[in-house]
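Taking the hints into account, I'd like the entire structure generated from these sequences.
Residue numbers (the working numbering), protein chains in the order written: chain A, 920 to 1171; chain B, 15 to 300; chain C, 496 to 784.
Among the hints, erroneous ones may be present.
[What the hints assert, rightly or not] Calculated cross-link-like contacts (lysine-lysine; reagent style BS3-like; alpha-carbon spacing at most 27 Å):
#1 Lys1039(A) x Lys23(B)
#2 Lys299(B) x Lys600(C)
#3 Lys600(C) x Lys659(C)
#4 Lys659(C) x Lys299(B)
#5 Lys116(B) x Lys782(C)
#6 Lys670(C) x Lys659(C)
#7 Lys782(C) x Lys1062(A)
#8 Lys500(C) x Lys113(B)
#9 Lys19(B) x Lys1037(A)
#10 Lys1035(A) x Lys19(B)
#11 Lys779(C) x Lys1062(A)
#12 Lys990(A) x Lys262(B)
#13 Lys501(C) x Lys195(B)
#14 Lys689(C) x Lys1063(A)
#15 Lys779(C) x Lys113(B)
#16 Lys696(C) x Lys1013(A)
#17 Lys782(C) x Lys1013(A)
#18 Lys1037(A) x Lys689(C)
#19 Lys113(B) x Lys782(C)
#20 Lys670(C) x Lys262(B)
#21 Lys195(B) x Lys499(C)
#22 Lys981(A) x Lys600(C)
#23 Lys670(C) x Lys1062(A)
#24 Lys23(B) x Lys593(C)
#25 Lys632(C) x Lys19(B)
#26 Lys501(C) x Lys1013(A)
#27 Lys689(C) x Lys1035(A)
#28 Lys696(C) x Lys1037(A)
#29 Lys1063(A) x Lys696(C)
#30 Lys659(C) x Lys298(B)
#31 Lys501(C) x Lys115(B)
#32 Lys178(B) x Lys659(C)
#33 Lys1062(A) x Lys689(C)
#34 Lys782(C) x Lys115(B)
#35 Lys1063(A) x Lys779(C)
#36 Lys1063(A) x Lys670(C)
#37 Lys949(A) x Lys195(B)
#38 Lys113(B) x Lys499(C)
#39 Lys501(C) x Lys113(B)
Note that these hints are calculated values from the structure, not bench results.
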Amino acid sequence: MMSSIITIDNLCLWYGNQQALKNVSLDIAKKSITALIGPSGCGKSTFLKTLNRMNDLIPGVKITGSVQYEKTDIFDSATDVSELRRQIGMVFQKPNPFPMSIYDNVAYGPRTHGVKGKAKLDDIVERSLRDAAIWNEVKDRLKKNALGLSGGQQQRLCIARALAVEPAVLLMDEPTSALDPISTSKIEELALQLKEQYTIVIVTHNMQQAARISDNTAFFLLGELVEYGVTEMLFSQPRDKRTEDYITGRFG
Amino acid sequence: MLNAKLSRKRRRYIGFMRALMYVCAALTYALVLFLIAYVLAKGVPNISWELLSTSPSYLTERIGILPDILNTVYIVIATLLIVLPLGVGAAIYLTEYAKNKKVVAVIEYAAETLSGIPSIIYGLVGMLFFCQFLGMQTSLLAGALTLVIMNLPTIMRTTQESLKTVPQSYREGAFGLGAGKWRVIRTVVLPGCVDGVITGCILSVGRILGESAALLFTAGFAHALNGIFEGLTSAGATLTVALYVYAKEQGEFGAAFAIAAILMGLTLLINLAATLTQRYFRRKKA
Amino acid sequence: MKGKKKSFETAVHGVFLLLGLITVCCVLLITVYLIISGIPAIREIGLIKFLFGKTWASTAAEPSYGILSFILTSVYGTAGAIVIGVPIGFMTAVYLAKVASPRVKTVMESAVSLLAGIPSVVYGLVGMLILVPAIRKLFHVPDGASLFAAIIVLSIMILPSIIKVSVTALEAVPKEYEDASLALGATPVETYFKVSVPAAKSGIAAAVVLGVGRAIGEAMAVMMVSGNAANMPSLFQSVRFLTTAVASEMSYSGGLQRQALFSIALVLFLFIMLINATLNFFLKRTKER
Chain A
920 MMSSIITIDN LCLWYGNQQA LKNVSLDIAK KSITALIGPS GCGKSTFLKT
970 LNRMNDLIPG VKITGSVQYE KTDIFDSATD VSELRRQIGM VFQKPNPFPM
1020 SIYDNVAYGP RTHGVKGKAK LDDIVERSLR DAAIWNEVKD RLKKNALGLS
1070 GGQQQRLCIA RALAVEPAVL LMDEPTSALD PISTSKIEEL ALQLKEQYTI
1120 VIVTHNMQQA ARISDNTAFF LLGELVEYGV TEMLFSQPRD KRTEDYITGR
1170 FG
Chain B
15 MLNAKLSRKR RRYIGFMRAL MYVCAALTYA LVLFLIAYVL AKGVPNISWE
65 LLSTSPSYLT ERIGILPDIL NTVYIVIATL LIVLPLGVGA AIYLTEYAKN
115 KKVVAVIEYA AETLSGIPSI IYGLVGMLFF CQFLGMQTSL LAGALTLVIM
165 NLPTIMRTTQ ESLKTVPQSY REGAFGLGAG KWRVIRTVVL PGCVDGVITG
215 CILSVGRILG ESAALLFTAG FAHALNGIFE GLTSAGATLT VALYVYAKEQ
265 GEFGAAFAIA AILMGLTLLI NLAATLTQRY FRRKKA
Chain C
496 MKGKKKSFET AVHGVFLLLG LITVCCVLLI TVYLIISGIP AIREIGLIKF
546 LFGKTWASTA AEPSYGILSF ILTSVYGTAG AIVIGVPIGF MTAVYLAKVA
596 SPRVKTVMES AVSLLAGIPS VVYGLVGMLI LVPAIRKLFH VPDGASLFAA
646 IIVLSIMILP SIIKVSVTAL EAVPKEYEDA SLALGATPVE TYFKVSVPAA
696 KSGIAAAVVL GVGRAIGEAM AVMMVSGNAA NMPSLFQSVR FLTTAVASEM
746 SYSGGLQRQA LFSIALVLFL FIMLINATLN FFLKRTKER
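Right, here's the structure in full:
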């Protein structure tokens, strides 16, 4: 495996008394796509949201174990959550552009982090929209409300918005589950392009999607990491019986 | 790498906004507490049995607010008795009968308009229409009728809201048994809106107790002691109007604060009642 | 038998239709009465002279009926109340909708309801005895009953409407927006003010307009603290609002003076209708979201 950017060691997470993640350990390789699969409620989304500490928002969450990002403990008290989330961006299940103009959506992150000056922002906006493969569709209506875009366009805008703060990692939480097949394939293509520069961790319900785009796949079941390995291997020769049952569609 | 702290500018912005929020919320809260404490402290010592149980007399320079209390009770009763059937009926029409969307929109717009009109204008029109045109003179009844118009939107809205929570299946079930529309309304719809009607009543009572501008020229400011029927046809001040008269025209601040303390107590009670009924009905429905 | 039942149902339907239309009738009644009784004086005085005349001397030997001072007082008074009340109410609303713990929120919300329930004469009374003397001492003016006192009282009185409507609007902001902002590295406070508030702006605008309506229509509390002299508005002078102009002379007026009071009410009514229309515009935009 290539050098890893995030190292998770013995991660456990409780919502109140209910344990949602059980001793999860895995390495996420730099500039690759890692897919997280498993039936609903298996903890894959929870795991994803732990990586940029979005679980901090939920009251009653308890976390043990460690998550190292570039050799730094993300739970360390010296870690700045804002900076962590700038470096580890996130794309959500449902496209959620802000009810503002397309331009303002993309510029929101940089502005928050203190980027000023129209020329600089213009630059970032264009670069991000190009990287998210949506520039040509929106370049003539940057000042229009983002809610006027189609679902697939909105999701790519959200990716552009995440890219605008120059993250190293992009977390994607079932980014295509609310989209039609054509928009889905556009996002998949985009993910493959983006891995040249970014590390992508993607949660998906869609096994074909995991097989098509990911380099490594992790299979979660009931909060446990059952199996983790190179995607081709995991799908062709699963080591664990439960993995085999799942990928052959026997449950979930 | 991750321990790059927020820039100073951002930290300053966050700190400033947070402080502003806390200060404003604290200010609002302190204001409420101060108003309650001040009014009660100034008013309660002035409340005496004599004040509550007598009518004012210029001969003995005695101030008594019994007539004002009774007038308030009369006007509350009269207003509710009239506004309830009207408001509930209007709500039933909107949710059960009206099919034409335009008609509904017009009625709802009218209700919204009514709730935006200031009470001084109600007072003026009430005076012109009820007192002069219908020949009621300045009387509690004219005041009550004016208040009926003011409270109509409240009763309508709360009833409508509770009617919306009556499941459609109940109505269909009753229709399925061959019941006519009126029977369905009487047996299924009306019982379903009890909570809305009660909430509406509580809100209206609060509004009636607090109203003064609309009553000044419709119900007047007499302090005569009357029975309910006699009272309704003659002029009389409610507690709020009496407070105004004592404070502004006569400079009797002791009596004014006593009334203010009573009104404050009633406001507290009404708020409590509104919260409790809301909680009760919510639990019952859940 | 069947026919009888049917005609009975038709009759019931008719009764409910009448009840349904009662609000419409009330609005028409109010509008018609105000127009009918408000027009004659305007006609006699002249519209321009009435609206833009600077002196109101209704009881003078040669009476003059100009209501510019009332209009301006109402406008300034309302604007002042908005300038003070809106920021406080808005910040409180953001605190309640986003920051406060459930317990603090329940307590604060019942306090705000209470503020809304306090009768306006009680505000007036407290204003007369605390605010008016305080202003006299603090600003060294001969009489504290002034536009400034009215502005303070009004800004307190509009707080509940502003807070309640803004809280509702802020709570309706989808959580997804806030999550997206946080995931970009914005802190919660930055998220509230840069994402939640802009997303709730129609609702907050409606709250402000509602506050305007409440302030411009308030009569009794203002009457008790504003001194009630028909001066052109000035912060520390005794002033008269549109509402108080109607209220203060109604009981002893007659003839043209009385008719002029109806005309003032008509002007106030037109202001209110304009505000209602604006309010509806914003509310509709909030619903469409």
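Status of the hints after comparison with the structure:
1. At most 27 Å may separate the alpha-carbon atoms for a hinted pair to count; Lys1039(A) and Lys23(B) meet this at roughly 19 Å.
2. About 24 Å separates the Cα atoms of Lys299(B) and Lys600(C), which keeps this hinted pair within 27 Å; it holds.
3. Proximity of Lys600(C) to Lys659(C) is assessed by CA-CA distance (about 12 Å); at most 27 Å being required, the pair is judged to hold.
4. Among the hinted pairs, Lys659(C) with Lys299(B) is consistent with the structure: their alpha-carbon atoms are about 25 Å apart, no more than 27 Å.
5. For a cut-off of 27 Å, the pair hint linking Lys116(B) to Lys782(C) stands: about 18 Å separates their Cα positions.
6. Taken as a hint, the Lys670(C) and Lys659(C) pair is honoured in the structure, with Cα atoms around 20 Å apart against an allowance of 27 Å.
7. Between Lys782(C) and Lys1062(A) the CA atoms are separated by roughly 23 Å; this keeps the pair inside 27 Å, and the hint holds.
8. Using a Cα cut-off of 27 Å, the hinted pair Lys500(C) and Lys113(B) holds, with the two alpha carbons roughly 21 Å apart.
9. Only pairs whose Cα atoms come within 27 Å are accepted, and Lys19(B) paired with Lys1037(A) is accepted, the gap being roughly 25 Å.
10. The hinted pair formed by Lys1035(A) and Lys19(B) meets the criterion: a straight-line CA distance of about 19 Å does not exceed 27 Å.
11. Simply put, Lys779(C) and Lys1062(A) have alpha-carbon atoms about 24 Å apart, close enough for the 27 Å limit, and the pair holds.
12. Between the alpha carbons of Lys990(A) and Lys262(B) the distance comes to roughly 75 Å, so the proposed pair goes past 27 Å and is violated.
13. For the hint pairing Lys501(C) with Lys195(B), the CA-to-CA distance comes to about 10 Å; that is within 27 Å, so the pair holds.
14. Straight-line distance between C-alpha atoms of Lys689(C) and Lys1063(A) comes to about 18 Å, which keeps the hinted pair within the 27 Å bound.
15. Between Lys779(C) and Lys113(B), the direct Cα distance comes to roughly 21 Å. Compliance with the 27 Å bound is thereby established for this hinted pair.
16. Among the hinted pairs, Lys696(C) with Lys1013(A) is consistent with the structure: their alpha-carbon atoms are about 23 Å apart, no more than 27 Å.
17. Using a Cα cut-off of 27 Å, the hinted pair Lys782(C) and Lys1013(A) holds, with the two alpha carbons roughly 21 Å apart.
18. Distance hint between Lys1037(A) and Lys689(C) is fulfilled; the C-alpha atoms sit about 19 Å from each other, no more than 27 Å.
19. Our distance criterion of 27 Å between C-alpha atoms is met by Lys113(B) and Lys782(C), whose separation comes to about 21 Å.
20. A hinted pair counts as satisfied when its Cα atoms are at most 27 Å apart, and Lys670(C) with Lys262(B) does not qualify at roughly 51 Å.
21. In summary, the hint linking Lys195(B) to Lys499(C) is supported, as the alpha carbons are separated by about 14 Å, within the 27 Å threshold.
22. Between Lys981(A) and Lys600(C) the CA atoms are separated by roughly 25 Å; this keeps the pair inside 27 Å, and the hint holds.
23. A distance of roughly 24 Å separates the Cα atoms of Lys670(C) and Lys1062(A); the hinted pair therefore holds under the 27 Å criterion.
24. Only pairs whose Cα atoms come within 27 Å are accepted, and Lys23(B) paired with Lys593(C) is accepted, the gap being roughly 23 Å.
25. The suggested pairing of Lys632(C) with Lys19(B) is violated, with an alpha-carbon distance near 49 Å, which exceeds 27 Å.
26. For the given pair, Lys501(C) sits about 53 Å from Lys1013(A) by alpha-carbon distance, which is inconsistent with the 27 Å threshold.
27. The straight-line distance between the Cα atoms of Lys689(C) and Lys1035(A) is roughly 16 Å, inside the 27 Å bound, and the hint therefore holds.
28. Taking the CA atoms of Lys696(C) and Lys1037(A), the gap is near 25 Å; set against the 27 Å cutoff, the hint holds.
29. Annotation: proposed proximity of Lys1063(A) to Lys696(C) holds, straight-line Cα distance about 17 Å (limit 27 Å).
30. For a cut-off of 27 Å, the pair hint linking Lys659(C) to Lys298(B) stands: about 26 Å separates their Cα positions.
31. About 24 Å separates the Cα atoms of Lys501(C) and Lys115(B), which keeps this hinted pair within 27 Å; it holds.
32. Distance hint between Lys178(B) and Lys659(C) is fulfilled; the C-alpha atoms sit about 23 Å from each other, no more than 27 Å.
33. This hinted pair checks out: Lys1062(A) and Lys689(C) have alpha carbons roughly 18 Å apart, not beyond 27 Å.
34. For the suggested pair Lys782(C) and Lys115(B), the alpha carbons sit about 17 Å apart, so the restraint of at most 27 Å is met.
35. Straight-line distance between C-alpha atoms of Lys1063(A) and Lys779(C) comes to about 21 Å, which keeps the hinted pair within the 27 Å bound.
36. Pair hint Lys1063(A) plus Lys670(C) holds up; C-alpha atoms about 23 Å apart against a cutoff of 27 Å.
37. Distance check on the hinted pair: Lys949(A) and Lys195(B) sit about 70 Å apart at the alpha-carbon level, beyond 27 Å; violated.
38. Taking the CA atoms of Lys113(B) and Lys499(C), the gap is about 24 Å. The hint holds against a cut of 27 Å.
39. This hinted pair checks out: Lys501(C) and Lys113(B) have alpha carbons roughly 19 Å apart, not beyond 27 Å.
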